[in-house]
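Dock chain B against the given chain A, drawing on the hints supplied.
Heads up: the sequence lines are chains A and B, in that order.
Residues 1 to 250 (the numbering used here) make up the first sequence, in order.
Residues 1 to 409 (the numbering used here) make up the second sequence, in order.
Just to be clear, a hint being listed does not mean it is correct.
[Unchecked claim] Looking from chain A toward chain B, a few residues come up when the C-beta cut is under 10 angstroms (computed):
#	residue
1	85
2	92
3	102
4	107
5	112
6	117
7	128
8	130
9	163
Read the hints as simulated data drawn from the structure, not as lab findings.
All residues carry an ideal CB built from backbone N, CA and C; glycine is no exception.
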Amino acid sequence: MKAVHMIIETIDLTKVYGMDGVSVTALENVNIQIEAGDFVAIMGPSGSGKSTLLNILGCLARPTSGKYILDGEDVSNLDKVQLAAIRNLKLGYVFQSYNLLSHTTALRNVILPLLYDRTRRVPQQEWQGIGEKMLEAVGLGDRMHHQPQELSGGQQQRVAIARALINDPVVIIADEPTGNLDSRSGEEIMGLLDTFHKKGVTIVIVTHDPIVAAHTQRTIHLKDGHIDTIVHNGSSLHQIAKKEADYAAI
Amino acid sequence: MQPSEVLRIAWEAIGKNKVRSLLTMLGIIIGVAAVIIMIAISAGTEATISDQITSLGSNLIYVSSSFSRMGPGVASSSGGLIYDDATAIEENISGVKGVVVEQDASETVKAGSVSLDSISITGTSPDFLSVRNLTLAEGRFYTADDITNKKKVVVLGFDLAQELFGDTDAIGQTILVSTTRLTVVGVLAEKGTVGDVDYDARLYAPISVVLQKFAQTPFSRIMGDQIRMIFVQVDDTADMDNVILQTQILLAKRHNVSLDSLDFTVTTQEDIIATQESTTSAFRSLLAWVAGVSLIVGGIGIMNIMLVSVTERTREIGLRQSIGATPADIRWQFLTEALLMSLVGGMIGTAVGVGGSWLFGTVSSMRTVIVPSSILLAFGSAAFVGAFFGFYPANRAAQLDPIDALRHE
Chain A
1 MKAVHMIIET IDLTKVYGMD GVSVTALENV NIQIEAGDFV AIMGPSGSGK
51 STLLNILGCL ARPTSGKYIL DGEDVSNLDK VQLAAIRNLK LGYVFQSYNL
101 LSHTTALRNV ILPLLYDRTR RVPQQEWQGI GEKMLEAVGL GDRMHHQPQE
151 LSGGQQQRVA IARALINDPV VIIADEPTGN LDSRSGEEIM GLLDTFHKKG
201 VTIVIVTHDP IVAAHTQRTI HLKDGHIDTI VHNGSSLHQI AKKEADYAAI
Chain B
1 MQPSEVLRIA WEAIGKNKVR SLLTMLGIII GVAAVIIMIA ISAGTEATIS
51 DQITSLGSNL IYVSSSFSRM GPGVASSSGG LIYDDATAIE ENISGVKGVV
101 VEQDASETVK AGSVSLDSIS ITGTSPDFLS VRNLTLAEGR FYTADDITNK
151 KKVVVLGFDL AQELFGDTDA IGQTILVSTT RLTVVGVLAE KGTVGDVDYD
201 ARLYAPISVV LQKFAQTPFS RIMGDQIRMI FVQVDDTADM DNVILQTQIL
251 LAKRHNVSLD SLDFTVTTQE DIIATQESTT SAFRSLLAWV AGVSLIVGGI
301 GIMNIMLVSV TERTREIGLR QSIGATPADI RWQFLTEALL MSLVGGMIGT
351 AVGVGGSWLF GTVSSMRTVI VPSSILLAFG SAAFVGAFFG FYPANRAAQL
401 DPIDALRHE
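If we strip away everything but chain A, and leave its shape as in the complex, we get (with noise of 0.2 angstroms):
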């Protein structure tokens, strides 16, 4: 049995927005264990914090106290050119408007992670080969050269995930995916993404949807800045094994 491997862990973390004087408390010693092969879904009411947690989740922002590491680094003091090799490392987003490049192919959008990896330097001549296959991991192998403007919102968002997924991250980030999406496409976007949680890719969403929180093992619900309870749904057949982990640890 393999130990577990804990890909997110914050400590106390805690954001504080100063505005001329006025500072806003938008994160109280927020404490999140996410573990490799979880999805867990972040749901809170406006003003709830749950951007601010999705942003320092994301690197896109630092915390003002407490710590966050990320697959075994504490990246809460890291410089920006420092969170900008994490985000493209160990991180995977997927926007609610997709953000994908208009006047660009989904190939070319798919592969754009690569062109800013520092550290793998993957060859430039397997860019193209690398981007085909997950095209075709998200069901658009026929897709590849058609520009965002001729696909639907549900292919647009496949394409992006796809994009989130070419630099094998260990989490994937998405924030309301399926909220610019109908409820049809919605679910295919969501069953997309049960599919490589099942192959074992670490998922964190946010979302305002229940329906689309239910797809997640657990949902941590914000309030205030604070955890406010966490809501386990139901067991998957993975989650059982992992418990059954846990318990062997001990």
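Here is chain B on its own, set in the frame of chain A:
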């Protein structure tokens, strides 16, 4: 990020807004073309002037009267060059090929019913044609004999002959200059205007006749006949400095002045060309600056469009940041775009400038000389302008906060 990818992204970004990019580049195109054309025109003018000056004979030394020693007012009554100075130079200085004297006058000229006022008369000696590099259209020039015997003969400039006699043959005709009758023995070939002297609109008479009839100076019996200028043609270019020095020593002795307070000046064609060039080069740099201003205006255009572009593409910047672009990556991307735009503009501008210079030289009467360094200068300034005016927008893009950028509508 690989430079090839940076270039590719920049090129794609420019391509996405073709019309806008082209209009932005227009400023640079005009600026670069203007620099090249302006410099080509002034270089052409310079070359024309220098050609004209050298066309008036080669290896020439100009000795002219100067009265600086005397001060103004008293000047014309004493000092200066006299006719015998020329003879002395010819006889005493080695390496001299020919000596020509000139004295000018201005008189009314009549031929038949035609009467012309204030026609310039050049009194000169037989070597004039060879020393000043002029040729006859017809007839002959006056000889040493004509000078000695003060023969009343005259050679007409080309245009003057036309004005006085039209299509009828001027040779053998008589003209009345002031009150003196002169017989036309020759007509010069066309030469045009060099400096401010129109060689075609004047007449040329033996120096002895001019000094006696048209340019009498007071005291000439005592001091000798004053003349305006002596042209000394030197055999060998290498001998120029030597002849200049000998001339100065000889004339200083004859005029009884010391070498550091000469009452005459000695110049060469090179001096005159250099003087002309210093005038035109001042003019040239003025033109270049004016053209440079349009380059700066072009640069501001680029900055403006780049700022618009950064704003328009804020979300794209945010996305690139979120997938791992560093501030430096973003800065390079936009700087490259600005640079590429100004370089492409510079290339088009160079083509337009070279083509325009050629066209201008062909169509107009002005001569243009395309100076290779001007292309380099124009192109270099375009690149500099691109980098300079691209930096601020690029830096602004680089400093965007990824969260704000992603949220930008």
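So, going through the hints one by one against the coordinates:
no., hint, verdict
1, 85, "holds (7 angstroms)"
2, 92, "holds (8 angstroms)"
3, 102, "holds (8 angstroms)"
4, 107, "violated (14 angstroms)"
5, 112, "holds (6 angstroms)"
6, 117, "holds (7 angstroms)"
7, 128, "violated (13 angstroms)"
8, 130, "violated (15 angstroms)"
9, 163, "holds (7 angstroms)"
When the structure is compared with the earlier hints, violations turn up for hints 4, 7 and 8 and for no others.
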